Amino acid sequence: MASTTGKISKPARSRSFWRDTRDGYLFIAPVVLGLLIWTTFPMIASLILSFTDYPILKSPKWVGVQNYVDMFSIPTLRVMQSLGVTLTFALTSVPLTLIAALGAALLLNQKLRGMNFFRTTFYLPTIVPALASAFVWGWLLNPQFGLVNSILTKFGLPKGEFFTGTSSALPTLIFLSLWGIGPTMVVFLAGLQSIPESLYEAGKIDGANGAQLFWNITLPQLSPTIFYNLLTGIIGAFQYFLSAFVLTNGGPVFATFFYNLNLYEKAFKWQQMGLASAMAWVMFAIILVLTLILFKFSDALVYYEVKK
Amino acid sequence: MSQAPTLSAHNAANSARHRNTRIRTIILYAVLILFAGVFLLPLIWMVGTSFKTNDEAYMWPPVIIPSILRWQNYPEAWTYQNTMFAKWTLNTLTITFWVVLGILLSSTLVAYGFARIKFPGRNFWFIFTIATIMLPPQVTMIPLYIFYFRINWLDTFNPLTIPPWFGGGALNIFLLRQFFMSIPTELEDAAYIDGATRFQILWRIFMPLSLPAVLTVAIFSFQSVWNDFYGPLIYLRSIENFTLALGINQFKGLYGDTQIQYMMAVSFLMTIPMIIVFFIAQRFFIRGITLTGVNR
Chain F
0 MASTTGKISK PARSRSFWRD TRDGYLFIAP VVLGLLIWTT FPMIASLILS
50 FTDYPILKSP KWVGVQNYVD MFSIPTLRVM QSLGVTLTFA LTSVPLTLIA
100 ALGAALLLNQ KLRGMNFFRT TFYLPTIVPA LASAFVWGWL LNPQFGLVNS
150 ILTKFGLPKG EFFTGTSSAL PTLIFLSLWG IGPTMVVFLA GLQSIPESLY
200 EAGKIDGANG AQLFWNITLP QLSPTIFYNL LTGIIGAFQY FLSAFVLTNG
250 GPVFATFFYN LNLYEKAFKW QQMGLASAMA WVMFAIILVL TLILFKFSDA
300 LVYYEVKK
Chain H
0 MSQAPTLSAH NAANSARHRN TRIRTIILYA VLILFAGVFL LPLIWMVGTS
50 FKTNDEAYMW PPVIIPSILR WQNYPEAWTY QNTMFAKWTL NTLTITFWVV
100 LGILLSSTLV AYGFARIKFP GRNFWFIFTI ATIMLPPQVT MIPLYIFYFR
150 INWLDTFNPL TIPPWFGGGA LNIFLLRQFF MSIPTELEDA AYIDGATRFQ
200 ILWRIFMPLS LPAVLTVAIF SFQSVWNDFY GPLIYLRSIE NFTLALGINQ
250 FKGLYGDTQI QYMMAVSFLM TIPMIIVFFI AQRFFIRGIT LTGVNR
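Sequence lines, in order, name chains F and H. Sequential numbering of the first sequence, starting at 0, is according to numbering that gives the first Met the number 0. Sequential numbering of the second sequence, starting at 0, is according to numbering that gives the first Met the number 0.
Keep in mind the hints are simulated off the structure, nothing from the lab. Please read these numbers as outputs of a predicted model, since none were measured by experiment. Built from N, CA and C at the ideal position, the CB exists for glycine as well. Keep in mind that the hints are not guaranteed to be accurate.
[Said to hold, decoys possible] Derived DEER-like restraints, expressed as beta-carbon distance ranges:
#1 H:LEU39 with F:GLY250: 44 to 52 Å
#2 H:ASP154 with F:PHE116: 44 to 52 Å
#3 F:LEU218 with H:SER181: 28 to 36 Å
#4 H:ILE129 with F:ILE150: 30 to 38 Å
#5 H:LEU39 with F:ASP298: 39 to 47 Å
#6 F:PHE296 with H:GLN281: 18 to 26 Å
If we strip away everything but chain F, and leave its shape as in the complex, we get:
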């Protein structure tokens, strides 16, 4: 209790202040330790490693910015190519998923009998483990025996190559991401249900039609949700790995060689730990830049109920 005695100029810290501080740090100790051991130190180490040449069994050798230069100048590393694949995926699959999820939410928000069944059904693909789901799709879209090609033939359409075609493999993966709209759809549904009915009533009195109500009420009210899911979707796209790893292994001819798959191979197939660290930092930098751009846009486009 030394702090409460003698000092007059400074307001004395009360007994409860110190007890709260001690308790507070005791309670959050796990995350403080976790942030230091599993975030801060590895981040610093990874930044340093990115400036080294480090085949894991030898000691790291300082090479300055060589890894960063190599990434952008040596085509055989395929860094730019894989970045292109990931960005293509992110910029098509994320908006498509959002539109589909919003469409599904509007559809499922109708007051009809049996709607719970449909909601469950639309959500179901997301609970199937990603690996199981990838294998099922691989089999559904098997060019030789797959059900999808059999259906296409039945309608007189040509058979698709899907994962086996250089130009069709990536679009196929993008298309498949639509089966994962479940969680986003649920968020939109909750958003739709929280829009006050009075807004629509007012709109109708002013003579607005359905499309106008959607553009001027529904969309602005949902815009924070859309923005948030756009952001997490793009961050998620950079993590995209599993389907490309187990179904196409980056092929055919690197058509689905995602950035994260490239990074994985550099680190764990070729043991280029320095280069892989540099790739991870470039990924982080791109995510940060995209986030900043999105936030800039959001000021103009996202409607918040309470302006700070």
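Fit chain H to the given chain F structure using the hints.
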């Protein structure tokens, strides 16, 4: 909320309103049923194929429903040569148990600290925690891998089961903190007067009141660790340490092209626990998603 906002205005203006509503309902049901089929197709195809004979599985044109249900596919797949499905399931369950327990204990402690105790630096640590959502795991993965390699943790469960005990994930902390903040302070004030410690308050008052949120965290943690592929792929080497996901992938590599009915059987076996959990705890799934607004 009686009707769809997009269409109701249109209908109100329409004189033949009643008939239009009926046509609209029929169209809506048609669209809903079509999409329900599209969304269910992968699961139906998985289950259907898992019961086919090898000949029927590779038949052209394919059929969705097998002519006879070949139940033996399941025990045969489970005990197929060069596989250890029982061991892999046990490994996955072991890892899942420790991860979920670690997440629950540490994230409730941390969330309580952030939600209810005022101390200098609280905002800093909270924002730092939340900011890690933006950090791709690849940034920390390589030094951690080297670190685990040095301390002989590779090919053990430790890299997968220990880190969750230190914080339990930013999203889980966030979700629980939100929930804890909504609990009225009067309840704990009364407990303080009775001489309860903070830990007792968390355990006796907050945990029972927040059971839905805690269950939500448990379910999402279960889902993510059960489905995890990347972590085990990097840290586990020997076949007897594999998880189900790694094992099924191994099976695919060896026999996937010729024994697809077994592939689908083990894939479905891996899916069953998720389906059970989902149907028991559907409302917690929905709650968790809407509370964090996050696509996990």
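We went through each hint and held it up to the structure:
no. : hint                               : result
1   : H:LEU39 with F:GLY250: 44 to 52 Å  : violated, 30 Å
2   : H:ASP154 with F:PHE116: 44 to 52 Å : holds, 45 Å
3   : F:LEU218 with H:SER181: 28 to 36 Å : holds, 29 Å
4   : H:ILE129 with F:ILE150: 30 to 38 Å : violated, 46 Å
5   : H:LEU39 with F:ASP298: 39 to 47 Å  : holds, 41 Å
6   : F:PHE296 with H:GLN281: 18 to 26 Å : violated, 35 Å
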